[in-house]
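Engineer: Sequence:
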Amino acid sequence: MVPADLAWLAYDHTAEEEILMDRGNLLLVHGAWHGAWCWDRLVPELEARGWATSVVDLPGIGMYDDARAVREALVDLDGPVTVLAHSYAGVPVAEVAATVHSVTGLVYLAAHMLEPGESVVSALGGPWYPEGTELLDVPEPARDLLFADLPDELAAWAVERLRPQNAAVFEQEQTEAAWRKLPTAAILCEDDRIFPAMFTERAARAEVVRYLPGGHSPFLSRPRELAELICELA
1 MVPADLAWLA YDHTAEEEIL MDRGNLLLVH GAWHGAWCWD RLVPELEARG WATSVVDLPG
61 IGMYDDARAV REALVDLDGP VTVLAHSYAG VPVAEVAATV HSVTGLVYLA AHMLEPGESV
121 VSALGGPWYP EGTELLDVPE PARDLLFADL PDELAAWAVE RLRPQNAAVF EQEQTEAAWR
181 KLPTAAILCE DDRIFPAMFT ERAARAEVVR YLPGGHSPFL SRPRELAELI CELA
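Residues in the sequence shown are numbered from 1 upward in steps of one, following the UniProt record's numbering.
By construction, these hints were calculated from the structure, which means they are not laboratory data. C-beta: ideal position from N, C-alpha, C; glycine also. Treat the hints loosely; a few may be bogus.
Distance windows between CB atoms, simulated [stated by the list, open to error]:
id : residue 1 : residue 2 : range
1  : Glu-225   : Thr-200   : 35 to 41 Å
2  : Arg-210   : Glu-118   : 36 to 42 Å
3  : Thr-175   : Arg-205   : 17 to 23 Å
4  : Arg-143   : Arg-180   : 22 to 28 Å
5  : Gly-35    : Glu-134   : 37 to 43 Å
6  : Glu-134   : Lys-181   : 31 to 37 Å
7  : Asp-152   : Ser-102   : 40 to 46 Å
Generate coordinates for the entire structure from the input sequences, incorporating the hints supplied.
Structural biologist: Below, the structure written as structure tokens:
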């Protein structure tokens, strides 16, 4: 959770803001270099609006391993499930979401949309790192690329938690495209400094596309706005 010395940045709401509605299950799936910690500010906002939220920590060994982790998390939930995928998570989510009958829809938050037979690397025309690299360091400068619109203390907290990412997650090919089979909405960030332009263009394939101001990580910078938009879309 957000540490005590950053409590002034944490979620806060008054009783009258509570919305007594059961919206069902929402599974949150983080992107590359991140972990389930990245949802710490968003989860309270979602739960205040009636969502039963769950998070999954991707193993990050390869895309197929991540996809299995997503599927295991989905089958453990009772009742209808909406899946929110951030960035790279769009790939493992697309791999398995349509195989779980309880999944009713997807929300792609600045998330990759791949066709079967593509990988992130192939879709971009080749790797952006030296061939044979197994472990990719955190993109630099992480503060500017991922968290430019966060207050300094919160940005430092987030950067400290980023971890190197296995390159296999970007190299293994998609075999299914659940976003073509399930109702899918896309959320794009207007000042996103790391999301590839080609994937921004691909978001038009979603049934609904919405925009948020700011950078790649609105779950930290704009949790209340993001929660309200998720409620609207899902």
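Engineer: Compare the structure with each hint and give your call.
Structural biologist: Verification of the supplied hints:
{"no.": "1", "hint": "Glu-225 / Thr-200: 35 to 41 Å", "in the structure": "violated, 19 Å"}
{"no.": "2", "hint": "Arg-210 / Glu-118: 36 to 42 Å", "in the structure": "violated, 25 Å"}
{"no.": "3", "hint": "Thr-175 / Arg-205: 17 to 23 Å", "in the structure": "holds, 18 Å"}
{"no.": "4", "hint": "Arg-143 / Arg-180: 22 to 28 Å", "in the structure": "violated, 36 Å"}
{"no.": "5", "hint": "Gly-35 / Glu-134: 37 to 43 Å", "in the structure": "violated, 20 Å"}
{"no.": "6", "hint": "Glu-134 / Lys-181: 31 to 37 Å", "in the structure": "holds, 33 Å"}
{"no.": "7", "hint": "Asp-152 / Ser-102: 40 to 46 Å", "in the structure": "holds, 41 Å"}
Hints 1, 2, 4 and 5, counting from the list given before, are not met by this structure.
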